[in-house]
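Novice: Chain by chain, the residues run as shown.
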Amino acid sequence: MKSIDVSEQVMQKIVRFEETRTRVWLRRFYIFLITLVIVLGVYLWISWKTMSDLHTWDLLNLFSEDWEIITEFWSETIMTFFIELPAETLIAALVVGAGIVGAFVITKKRRKIIALRRTQLANQKIKSKNKRV
Amino acid sequence: MSDRSDEELVRAIQSGDIFAFEQLVVRYQRKLQSFVFRMLGDDQSAADVAQESFINLYKTIDRVDSTKKFSSYVFSIARNTALSHIRKTKKEISIEDLEIAIEDESLYQQIVQKEDAMYVRRAVQRLDFKYRRVIQLYYFDDLSYEEISTAMHLPINTIRTHVRRAKDMLRKQLL
Numbered sequence: 163m164k165s166i167d168v169s170e171q172v173m174q175k176i177v178r179f180e181e182t183r184t185r186v187w188l189r190r191f192y193i194f195l196i197t198l199v200i201v202l203g204v205y206l207w208i209s210w211k212t213m214s215d216l217h218t219w220d221l222l223n224l225f226s227e228d229w230e231i232i233t234e235f236w237s238e239t240i241m242t243f244f245i246e247l248p249a250e251t252l253i254a255a256l257v258v259g260a261g262i263v264g265a266f267v268i269t270k271k272r273r274k275i276i277a278l279r280r281t282q283l284a285n286q287k288i289k290s291k292n293k294r295v
Numbered sequence: 194m195s196d197r198s199d200e201e202l203v204r205a206i207q208s209g210d211i212f213a214f215e216q217l218v219v220r221y222q223r224k225l226q227s228f229v230f231r232m233l234g235d236d237q238s239a240a241d242v243a244q245e246s247f248i249n250l251y252k253t254i255d256r257v258d259s260t261k262k263f264s265s266y267v268f269s270i271a272r273n274t275a276l277s278h279i280r281k282t283k284k285e286i287s288i289e290d291l292e293i294a295i296e297d298e299s300l301y302q303q304i305v306q307k308e309d310a311m312y313v314r315r316a317v318q319r320l321d322f323k324y325r326r327v328i329q330l331y332y333f334d335d336l337s338y339e340e341i342s343t344a345m346h347l348p349i350n351t352i353r354t355h356v357r358r359a360k361d362m363l364r365k366q367l368l
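The listed protein sequences correspond, in order, to chains A and B. Residue numbers for the first sequence follow this note's numbering, so the first one is 163 and each next one is one higher. Residue numbers for the second sequence follow this note's numbering, so the first one is 194 and each next one is one higher.
Among the hints, a few may not be true.
To spell it out: a stretch of chain A is covered by chain B in this simulated footprint if at least three of its residues, at any positions, have a beta carbon under 8 angstroms from a beta carbon of chain B; those stretches are [said to hold, decoys possible]:
{"no.": "1", "segment": "172 to 182"}
{"no.": "2", "segment": "268 to 277"}
No more than 25 angstroms apart at the CA atoms, straight line, and that leaves these computed lysine to aspartate or glutamate pairs for DMTMM-like [what the hints assert, rightly or not]:
{"no.": "3", "chain 1": "A", "residue 1": "Lys289", "chain 2": "B", "residue 2": "Glu215"}
{"no.": "4", "chain 1": "A", "residue 1": "Lys175", "chain 2": "B", "residue 2": "Asp235"}
{"no.": "5", "chain 1": "A", "residue 1": "Lys270", "chain 2": "B", "residue 2": "Asp210"}
{"no.": "6", "chain 1": "A", "residue 1": "Lys175", "chain 2": "B", "residue 2": "Asp236"}
{"no.": "7", "chain 1": "B", "residue 1": "Lys252", "chain 2": "A", "residue 2": "Glu181"}
{"no.": "8", "chain 1": "A", "residue 1": "Lys175", "chain 2": "B", "residue 2": "Asp241"}
{"no.": "9", "chain 1": "A", "residue 1": "Lys274", "chain 2": "B", "residue 2": "Asp199"}
{"no.": "10", "chain 1": "A", "residue 1": "Lys175", "chain 2": "B", "residue 2": "Asp255"}
{"no.": "11", "chain 1": "A", "residue 1": "Lys164", "chain 2": "B", "residue 2": "Glu245"}
{"no.": "12", "chain 1": "A", "residue 1": "Lys164", "chain 2": "B", "residue 2": "Asp235"}
{"no.": "13", "chain 1": "B", "residue 1": "Lys323", "chain 2": "B", "residue 2": "Asp334"}
{"no.": "14", "chain 1": "A", "residue 1": "Lys271", "chain 2": "B", "residue 2": "Asp199"}
{"no.": "15", "chain 1": "A", "residue 1": "Lys287", "chain 2": "B", "residue 2": "Glu215"}
{"no.": "16", "chain 1": "A", "residue 1": "Lys291", "chain 2": "B", "residue 2": "Glu215"}
{"no.": "17", "chain 1": "A", "residue 1": "Lys287", "chain 2": "B", "residue 2": "Glu245"}
{"no.": "18", "chain 1": "A", "residue 1": "Lys291", "chain 2": "B", "residue 2": "Asp210"}
{"no.": "19", "chain 1": "A", "residue 1": "Lys175", "chain 2": "B", "residue 2": "Asp210"}
{"no.": "20", "chain 1": "A", "residue 1": "Lys271", "chain 2": "B", "residue 2": "Glu200"}
{"no.": "21", "chain 1": "A", "residue 1": "Lys274", "chain 2": "B", "residue 2": "Asp210"}
{"no.": "22", "chain 1": "A", "residue 1": "Lys293", "chain 2": "B", "residue 2": "Glu215"}
{"no.": "23", "chain 1": "B", "residue 1": "Lys252", "chain 2": "A", "residue 2": "Glu180"}
{"no.": "24", "chain 1": "A", "residue 1": "Lys164", "chain 2": "B", "residue 2": "Asp236"}
{"no.": "25", "chain 1": "B", "residue 1": "Lys365", "chain 2": "B", "residue 2": "Asp255"}
{"no.": "26", "chain 1": "A", "residue 1": "Lys274", "chain 2": "B", "residue 2": "Asp258"}
{"no.": "27", "chain 1": "A", "residue 1": "Lys287", "chain 2": "B", "residue 2": "Asp210"}
{"no.": "28", "chain 1": "A", "residue 1": "Lys270", "chain 2": "B", "residue 2": "Asp258"}
{"no.": "29", "chain 1": "A", "residue 1": "Lys175", "chain 2": "B", "residue 2": "Glu245"}
{"no.": "30", "chain 1": "B", "residue 1": "Lys224", "chain 2": "B", "residue 2": "Asp255"}
{"no.": "31", "chain 1": "A", "residue 1": "Lys164", "chain 2": "B", "residue 2": "Asp241"}
{"no.": "32", "chain 1": "A", "residue 1": "Lys175", "chain 2": "B", "residue 2": "Glu215"}
{"no.": "33", "chain 1": "A", "residue 1": "Lys175", "chain 2": "B", "residue 2": "Asp199"}
{"no.": "34", "chain 1": "A", "residue 1": "Lys175", "chain 2": "B", "residue 2": "Glu201"}
{"no.": "35", "chain 1": "A", "residue 1": "Lys271", "chain 2": "B", "residue 2": "Asp258"}
{"no.": "36", "chain 1": "A", "residue 1": "Lys270", "chain 2": "B", "residue 2": "Glu201"}
{"no.": "37", "chain 1": "B", "residue 1": "Lys252", "chain 2": "B", "residue 2": "Asp241"}
{"no.": "38", "chain 1": "A", "residue 1": "Lys274", "chain 2": "B", "residue 2": "Glu200"}
The hints are simulated quantities; they were obtained by calculation from the structure and are not laboratory data. Fair warning: this is a prediction, and the values are worked out from it, not measured in the lab. From the three backbone atoms N, C-alpha and C, an ideal C-beta is built for every residue, glycine too.
Pulled out of the complex, with its shape left as it was, chain B reads as follows (with noise of 0.2 angstroms):
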């Protein structure tokens, strides 16, 4: 399996390497599966629908952002493909399926709100030591600017311009 993240693969399909996309594929058609899987609740209509929200994804791929995240794109995707199959088949929806596609929505959400958090995640781990942990101390830890100023025997002030510069590289990084 690549070490190439997203981005990588994605650039390299937009510069013309059709065959990065596999490793998409094979990194997404799991969790994708899943994903559809619950809406539609049958494993072959997951796996078509998986399909051919990949062949969608291909054909929009010169479109991304590689610099923007690209998991939520794929799910994005998946979740109108998957759309369109329901409304192609005309199912009727019961009022079970209405709250499990109800239900579905939020779990969209949360899928999207994981990634998020993965992605500032990774981009904490990239700024520098003393941004990190001021950044660690006060949002995820919540202390406040007294009680971080006390942990890293650091003027008030300091801990003050830390958060704001942290907070600017972090804008930079996710924007």
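Extracted from the complex, chain A is given alone in its bound form (with noise of 0.2 angstroms):
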């Protein structure tokens, strides 16, 4: 029997197969992200133009006054600021808030071990190029 070396094929297709399984991974990654980060702007805007419409913000201008107003109003205007909020769309954004971040560190090793396989497949390239020039 004759053994015939099928290293370099080997790595040849494992590095084609890496290359496309890290672009998905990446792909699919970045996709939910802009996803998560696309519908927190939209309730911080959606929570942002409600407190407009109420005039919520004008309840702030307390604190340009002077000191003796503010300490005589400041807790009853907090109190009224804090009642306006738009709860459900803030909850609704710290929680998409919470995904991202949890996106984040639970692909932390994942993201360290896609990092690894990309430098070495970049490497792979600049070797290969370099072998034809």
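Mind assembling these two chains? They're in different frames, but the hints should get you there.
Specialist: Right under this line is the structure:
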């Protein structure tokens, strides 16, 4: 039986497989992240718009008044401010924000592995280019 | 050729080092091709199946427990890949080929047993001298407790304790 050296063909196929796999993973990760960021942006924009329509921001003008007025009315103003906050959309924004942070935390190990693979694939491409030149 | 063990290479690959896999390929390709050649009968098919086995191995490498024996896993993938190849090419199996396939099953078992035995010997080598000596005399040289007690000038109960402790340590290493 004649043994044939298959290591080069195997590694070429594995490099192609890894290029596809890392590209797909990164694409899915970025799409997921961008979607969450957009949803977060939408919730924050809705919250801001609601507060603008209710003139909730105007309550904060108290803090540009004299110190005596601030000390007299600050607690009432703060209470009113929080009552007027759009709780549902802000909570939803918080959940989405937590999702973004969670996505980074959960994928930390995986991203490290992907980064190492990408570095190796990039170095491999440079090596092949130099060989051809 | 790398001095890294199979377990170290598997861990490196699982951590993202793609080219550590090349060292495993170089290490196993001859053995794998010989093994598969007996099932398929020609060099080129054996090389093709060996290639495919390595690709399948790489795709499932994240599931490999790096503390367990890697070589058995490699041969089991090669065997399954060879069987798929035979099914795909839809070769008619003659009685002679069937006999070879049945013989290959025992060859596969022999290879796995040989790898098992090497793994056990390596585990025994890692024991402390007093436990290693007792295990060698008891299991490999087939001496009784009394004979070992005489050979090592130790009380028989001490020999029994050494054997029991050595077995516990081996169990922890091998499982």
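Novice: What are the numbers of the hints that this structure violates, sorted from low to high?
Specialist: Going through the list in order, the structure violates no hint and respects every one.
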